[in-house]
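Chemist: Going line by line, the protein sequences match chains S and W.
Start counting the first sequence at 1; every next residue gets the next number (the working numbering).
Start counting the second sequence at 1001; every next residue gets the next number (the working numbering).
Calculated directly from the structure, the hints in this document are not laboratory data.
Do not take every clue at face value.
To be verified - Covered stretches of chain W (in silico footprint by chain S; criterion: 3 or more residues with CB under 8 Å from a CB of chain S, positions within the stretch not fixed):
no. : region
1   : 1058-1072
2   : 1081-1094
3   : 1156-1162
4   : 1212-1226
5   : 1310-1317
6   : 1369-1380
Glycine residues also receive a C-beta, built at the ideal position from the N, C-alpha and C atoms.
2 protein chains.
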Amino acid sequence: MTPSRRSSSTEQAAHPWQQADIRSLLTRAALAVGAGSPTDAGVSWAPLEAAPRPIVLAGGVPDPETLPVADLSEAFRRVLEASPQDALRYGGVLGFEGLRSALAERQGRSEGISLQSDNFIVTNGSAGAIATICDAFVEPDDVVIVEAPTFSGSLRTFRGHLAEVVPVPMDSRGLLPDAVASAIESRRRVKLVYTVADYHNPTGTTLSLDRRRELVRLCAEHQVLIVEDAAYSDISFGAPPPPSLYALAGGQGVLKAGTFSKSMATGLRVGWVQGRQDFIEALARVRFDMGTSPLLQRAIADYIGRGKLETHLREVRPLYAQKCDALCRSLAQDCGPYVRFGRADGGFFLWVECVGARAQDVAREAAREGLVFPVGSLFYLDGEQADTAHVRLAFSTATLEELAQVGPRLRAAFERAVGER
Amino acid sequence: MTPSRRSSSTEQAAHPWQQADIRSLLTRAALAVGAGSPTDAGVSWAPLEAAPRPIVLAGGVPDPETLPVADLSEAFRRVLEASPQDALRYGGVLGFEGLRSALAERQGRSEGISLQSDNFIVTNGSAGAIATICDAFVEPDDVVIVEAPTFSGSLRTFRGHLAEVVPVPMDSRGLLPDAVASAIESRRRVKLVYTVADYHNPTGTTLSLDRRRELVRLCAEHQVLIVEDAAYSDISFGAPPPPSLYALAGGQGVLKAGTFSKSMATGLRVGWVQGRQDFIEALARVRFDMGTSPLLQRAIADYIGRGKLETHLREVRPLYAQKCDALCRSLAQDCGPYVRFGRADGGFFLWVECVGARAQDVAREAAREGLVFPVGSLFYLDGEQADTAHVRLAFSTATLEELAQVGPRLRAAFERAVGER
Chain S
1 MTPSRRSSST
11 EQAAHPWQQA
21 DIRSLLTRAA
31 LAVGAGSPTD
41 AGVSWAPLEA
51 APRPIVLAGG
61 VPDPETLPVA
71 DLSEAFRRVL
81 EASPQDALRY
91 GGVLGFEGLR
101 SALAERQGRS
111 EGISLQSDNF
121 IVTNGSAGAI
131 ATICDAFVEP
141 DDVVIVEAPT
151 FSGSLRTFRG
161 HLAEVVPVPM
171 DSRGLLPDAV
181 ASAIESRRRV
191 KLVYTVADYH
201 NPTGTTLSLD
211 RRRELVRLCA
221 EHQVLIVEDA
231 AYSDISFGAP
241 PPPSLYALAG
251 GQGVLKAGTF
261 SKSMATGLRV
271 GWVQGRQDFI
281 EALARVRFDM
291 GTSPLLQRAI
301 ADYIGRGKLE
311 THLREVRPLY
321 AQKCDALCRS
331 LAQDCGPYVR
341 FGRADGGFFL
351 WVECVGARAQ
361 DVAREAAREG
371 LVFPVGSLFY
381 LDGEQADTAH
391 VRLAFSTATL
401 EELAQVGPRL
411 RAAFERAVGE
421 R
Chain W
1001 MTPSRRSSST
1011 EQAAHPWQQA
1021 DIRSLLTRAA
1031 LAVGAGSPTD
1041 AGVSWAPLEA
1051 APRPIVLAGG
1061 VPDPETLPVA
1071 DLSEAFRRVL
1081 EASPQDALRY
1091 GGVLGFEGLR
1101 SALAERQGRS
1111 EGISLQSDNF
1121 IVTNGSAGAI
1131 ATICDAFVEP
1141 DDVVIVEAPT
1151 FSGSLRTFRG
1161 HLAEVVPVPM
1171 DSRGLLPDAV
1181 ASAIESRRRV
1191 KLVYTVADYH
1201 NPTGTTLSLD
1211 RRRELVRLCA
1221 EHQVLIVEDA
1231 AYSDISFGAP
1241 PPPSLYALAG
1251 GQGVLKAGTF
1261 SKSMATGLRV
1271 GWVQGRQDFI
1281 EALARVRFDM
1291 GTSPLLQRAI
1301 ADYIGRGKLE
1311 THLREVRPLY
1321 AQKCDALCRS
1331 LAQDCGPYVR
1341 FGRADGGFFL
1351 WVECVGARAQ
1361 DVAREAAREG
1371 LVFPVGSLFY
1381 LDGEQADTAH
1391 VRLAFSTATL
1401 EELAQVGPRL
1411 RAAFERAVGE
1421 R
């Protein structure tokens, strides 16, 4: 064939793709999370209508005024001045040794255990940590036990690994070990239990010490891995949370996912898995992305090394406690008959039960008042079937003045929503 | 039970994990890439023995002296000053819109096609791009056709998705379309063809225009996706490479993986996939890591927006051409009878055939001379069975003075290795 004939046949041949159904090419796992279905918008928040001065109680994101911008900027400048060639070169899938040893020192101290840098692998935030754990350990049809409700992003990750997700109920002291035991005993192939033990997302509860011990015992007995999502563990309002599951288990059978997203900034996208060395090595094997940026990791290590992280946390913890109280007060004053909730001991969220109205209706009417937050059903596997009663209010990004306005606005939303019931 | 009894039962119960075989918990995919096998060290380079002034010709990494440190430092400073809250907050799995539109503009111009930001998703380098493509499209036992030899990291990624990898031979004008056609026709479930069409890793060859057209026609006819790895495409020594497969296909059925690793710095870990919008949306669905750092992405967008990338490339291209020539000259002068190679038109590598000695022996003896490079077998699925004749010499990081020393050192290595044959 001549080049020109080939060229014209190429142009013709491009057509088959235009009619092609992408769904026939996608993996089962990709289809399970909605790939190839452009109409599914994924997680949706209540839409913000044309309201004056909207108040956003949506995401688990630090207060933008607290972001350590100057110190981070200085850290990047210093790293690029002191070690530009190391910072701008592949750093390996385990991550920068200096950051991993800083994590070993810090987590070892706060958890009262002995850790080395080999107990850590650096990931794209704790979301990347959980995805990497699934890549290594979750085979299609493996059972993953989760709290009901739980973080919607992790639910998506488990579904995207074709796990059978089994929700287990929780109460004000966290998930119920007896329910975990029943789930383990009634099913084959239970691979892991996923728990946000400290300042739970979305409920704000903290797993009690006796239940922690029972969970560790139970999972060791059945050789079920515990994935401890510690995203919010640094954000305590008073006493620190109970000992970590990792510490209680002596590091055996627990993979702990951590992140700088809540303690510093979500945009850093730097998190980690803490685990037994052979587990960390296994996670490194399934990292195909050649690691995250050593520049970011070195800047954070510099920031930690100069004591900035602890100083920063000492500043932001009382702020979040104050914000939590401001929201609780505003709700109690103005929404008394419509809401039930318990004050969190840390983290970014208040989990509010709606009395006399469906959460979906409350969220929709609240949006008309300029108040944006997710309904509780987003945090369940079965969505609305499982929960029409709760909403999750994040108090982390709104100002104290805005939080004082939540009660009146939510009351107006309830007054309309109750009528629809 | 009392707390103290629980505590002691916890300590006892941790023991089952100490005897546990991690392999019984790992996925088939993780086991396929060596997870749970601590003795397998993965890709190994020839060890550097105690030699004076070692010369490293190992990785596909830019010259450290060229790293745009000052401009990047300035870009980070500027982004953190101008938009700290956006830079330090979740940026979404698709990536920063400003970087994606800069990519659309730049790639559209250089490839002579029309692209929008919706044609791009930002990833952890091109390695992350290829892993994400596999997450969405490669089901266990799907066939992935690759060039023989090919980039070892991508081979690992395909194996880690349980693909059946089918190598296809290449010559000095790149992979052989007839061999691709045979592979497609002889097997079910051929899902994709992976090619480094420009300045191939490890061989340095560039796929000819007529073969590009034939490959595009063939793959469209059989609805086989093309994954075009363009990691080295910006590093041309003279004329730019032929039109991209993406451009020849009118964007249909081709996913093109790009990166700033070679044009700027490997430590940025920022790459992308360029593809039809519905394919990009599908890739976004299988990203469970909540995206890479918007701070990095904004700093790079700032750098590009100020015209720095094109200026930088105009500076480094002649340098790499000069280095390639220096290495070719040194080999021709000192290793004439022992080596056969073709000069590359771009990229970082020279693929050298060893005459009269096994590549493994040459590499081992070269290490004793202080010369470090990988043997060719690392770039084949079947390793030593497939290739005992080649070595890959990267000329990108060594200085011109060092490159002039390669010939004499390699000659000494050959002289000893030939004797062993």
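Chemist: Now tell me, hint by hint, if it's right for this structure.
Modeler: Quick rundown of the hints versus the structure:
For the region 1058-1072 of chain W, the assignment as covered by chain S holds, since 6 residues bring a beta-carbon within under 8 Å of that chain's beta-carbons and 3 suffice. Coverage of the region 1081-1094 of chain W by chain S holds. Counting CB-CB distances below 8 Å, 9 residues qualify, and the rule asks for three or more. Using a Cβ-Cβ cut-off of 8 Å, 3 residues of the region 1156-1162 of chain W lie near chain S, which meets the minimum of three, so the contact claim holds. By the rule of at least three residues with a Cβ nearer than 8 Å to a Cβ of chain S, the coverage given for the region 1212-1226 of chain W holds, with 8 such residues.
Counting residues of the region 1310-1317 of chain W whose CB lies closer than 8 Å to any CB of chain S gives 0, so the stated coverage by that chain is violated, three being the minimum. Only residues whose C-beta sits within less than 8 Å of a C-beta in chain S count toward coverage, and the region 1369-1380 of chain W has 0 of them, not enough to reach three; the restraint is violated.
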